[in-house]
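The residues making up each chain are set out below.
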Amino acid sequence: MPISIARSLPNLARWPLPPGAKSLAESVLNGLAHLLARRHSTVLERLADFAGASCLIVPHDLPYPLLLTLQAPPAAPHLRFATPADATQARATIRADMLTLLQLLEGKLDGDALFFSRDLVVEGDMEVVVALRNAVDDAGIDLVADVVSLLGPFSSPAERLARHLISLGSRLHRSAT
Amino acid sequence: MSATLTLGPVLFHWPAERLLDFYARIADEAPVDIVHVGEIVCSKRAPFVDPVLPEIIERLRRGGKTVVLSSRALVMTERESRMMTEQIAMAETPDMLIEANDLGAVRSLAGRPHVIGPFINVYNEGTLDYLVRQGAMRVCLPPELPGTAIAALAKVSSVPLEVLVFGRMPLAISARCFHARAHGLHKDSCRYMCGNDPDGRSVKTLDGEAFLAINGTQTMSHTCLNLSGEIPGLMEAGIRHFRLSPQDTDMVAVISLFRRIAEQQIDPAEASRQLASLAKGLRFSNGFIHGREGRAILQARFGHTQ
Amino acid sequence: MSKALLELVCPAGTPAALRDAIDAGADVVYVGFRDETNARNFPGLNFSRPELRDGIGYAHQHGREVFVAINTYAAAGNQAAWHRAIDDAAALGADAVIIADIGLLDYASQRHPSLRLHLSVQAAASHADAIRFYHEAFGVRRVVLPRVLTVAEIAKLTRQIPVETEVFAFGGMCPMAEGRCSLSSYVTGQSPNRQGVCSPASHVRYEQRGDKLVSSLGGSTINIFGKDEKAGYPTLCKGRFAVGDYASYLFEEPTSLSTGDILKDLAEAGVKALKIEGRQRGRAYVAEVVRQFRELVDGLSAGRAMPAATAALRQLAEGQQDTFGAYRKAWR
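Residue numbers (the numbering used here), protein chains in the order written: chain A, 707 to 883; chain B, 109 to 414; chain C, 41 to 372.
Just so you know, these hints were derived from the structure itself, not from any lab.
Treat the hints with caution; some may be incorrect.
[To be verified] Computed list of chain A residues with no C-beta within reach of chain C, every gap over 12 Å: (1) His740; (2) Gly813; (3) Ser823; (4) Gly830; (5) Asn840; (6) Ala845; (7) Gly846.
[Unchecked claim] Distance windows between CB atoms, simulated: (8) Ala377/B with Ala192/C: 54 to 60 Å; (9) Lys369/C with Arg220/B: 48 to 54 Å; (10) Leu867/A with Gly310/C: 37 to 43 Å; (11) Ser88/C with Ser310/B: 34 to 40 Å.
Yeah, the Cβ is synthetic: ideal placement off N, Cα and C, and Gly gets one too.
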């Protein structure tokens, strides 16, 4: 199994992120993970048995695979860019295009159906994958609403703008693929 | 207290002639106390078995065996339900005990002595207690039960509990016939394909691993259950009844070996060597009693007796 | 909704799915506690006690019901965990509990005489005498029929028994008599009856072998999929196996049961309720299937022409294929 995961990571070498940009992106991701964990605390409770387990998340249309490591509640899961060395310690790999992964996070798509049609590829320890799916599915995550909640009084106009941009983005994405 | 050995019903579709020969030899030569008879897997096989049953029962009784009639494991149609009721009517015959393998049979037998078969889900004290109140006088536990559960039940049971110790384990039953399906046929037009495989038909994975066995509508273990090494531990836990399931081998020799194991007349390692040569190449397993996957084979240790 | 010919009983693995199912038109939602007392004991799934209290509150506010499945077999030496589940379901106001185990039915009928008892499909009560047994002994008021009967057999059965019948309308198919299958525990040590899992995720692996996808359970190959072939979860009885030289889906194809086209037959057979399988499936699935079935059942009740079973339902089916299963005799 580790061999096939490693094969999915060659993009890393071709698209090295400058160190500054990398750590900035990682703090943004972890900020997001913290925010989601705070707003949807039942996710952590549902994943309590899997503290310490890590999972590679590979958006196959982007060059940057991520490593998600679950923590004991109340700590939020930890996210960082994956390195080829992670292939050996990750318990599972989840692969799909970025838009699909985001919609799964929001419970808008049926993970099983995507898997049957091979639009979602999973490898490794299915227990952690299934737990992650079930926990996230219950949370009712809405990325736009969750993020703009940080903006307080400016949240409504920001939400309208964000949703407009996302809908435009996904139309462009669909017509391009 | 000494052990009681029971021979379970023949689960495979053996021709009537063969059944008559088999039971004649069991009657005369096998050191077994109780013999269960009857076609429990498929109602389509019953017309071949039922006509010779009276002769088989008579023959076994002449050999000094206690005979028990086992009821069908899966009853679906009205016809099957009627067949079961007729079978139970035979219990009016003196000394003819019935083994219930379905809750419909339990209902018909309530209030008179009967046996509970391994196809009824007895997993806990509450269920055992209820069935004993209804008239169960012996309960054969499902093969899936771990040793810890067997011991917990034995501690509270007021009737003998029986444990399956030899033979391919029944794992599932279906309305569908897999023997027919493996030959591109339906159950209604099955051509009795199951009759070609007196020990069940081997099922392999796509990578060639021996995996399961099919026997008509029944799915069985590929491995042959062998709890010969567990018998001392089971006896220590209070189990005195052991059931062997007929396979296509010298069952008289198998039964004799288990008799000697139960009476501590043979070293378990030597017994296992002799059993292996009788199992005709089938791999042994004992995982369930250890609370593990049923197909596993572990060093005998349940009840830590060696 | 209450005048509909068939009651719609829908699955929820999480509180969010429960609310979605109610919003999509479920008459009843069935759920389980987050432990081995229910037959969908999957990682990250199911309800805590407070979640069940809130879920029942939400359903009752909308005039709907919640059934609690306590449908595994209690473990010898540890029956208390199952007894507690029954006591808590009763205390939290569950509209019925769904039980398979005789010992638990006995307990529930004695301790909670006013609690409505349904017989789980895990009891595999497939004929009139078996069903009468559960009714007479424990006052069971509804039986969930095993997925082994044809529509004609169901019609005969409903006339012979003194209890309501609920049948599976959509979702996963068990080719074996439920509650009498130890295939999963034979291969993994964990069973539907004892641990509430079948072919558990902890024992599943997917592996790329060249351009093929290999799925395995407990280290044994369950299926090998070609590059563009629809994949399936390695549920043991839905795998491809070889008998002699002939490899096939020996037990069952990776399909979903779908009764969209035969609801009228089921209603005429005297069936009281339709059950949708899939507490382990996501909210998106639950909402979509419930919405489609609500439309079908309402159409049927109003005497409108039945809309054809939709492509949307098929997209959600396992392997994206569907079947009438045992409801047609040719399945056997």
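Of the numbered hints stated earlier in the document, which are not met by this structure? The structure conflicts with hints 2, 3, 4, 5, 6, 7, 9, 10, 11, although it agrees with all the remaining ones.
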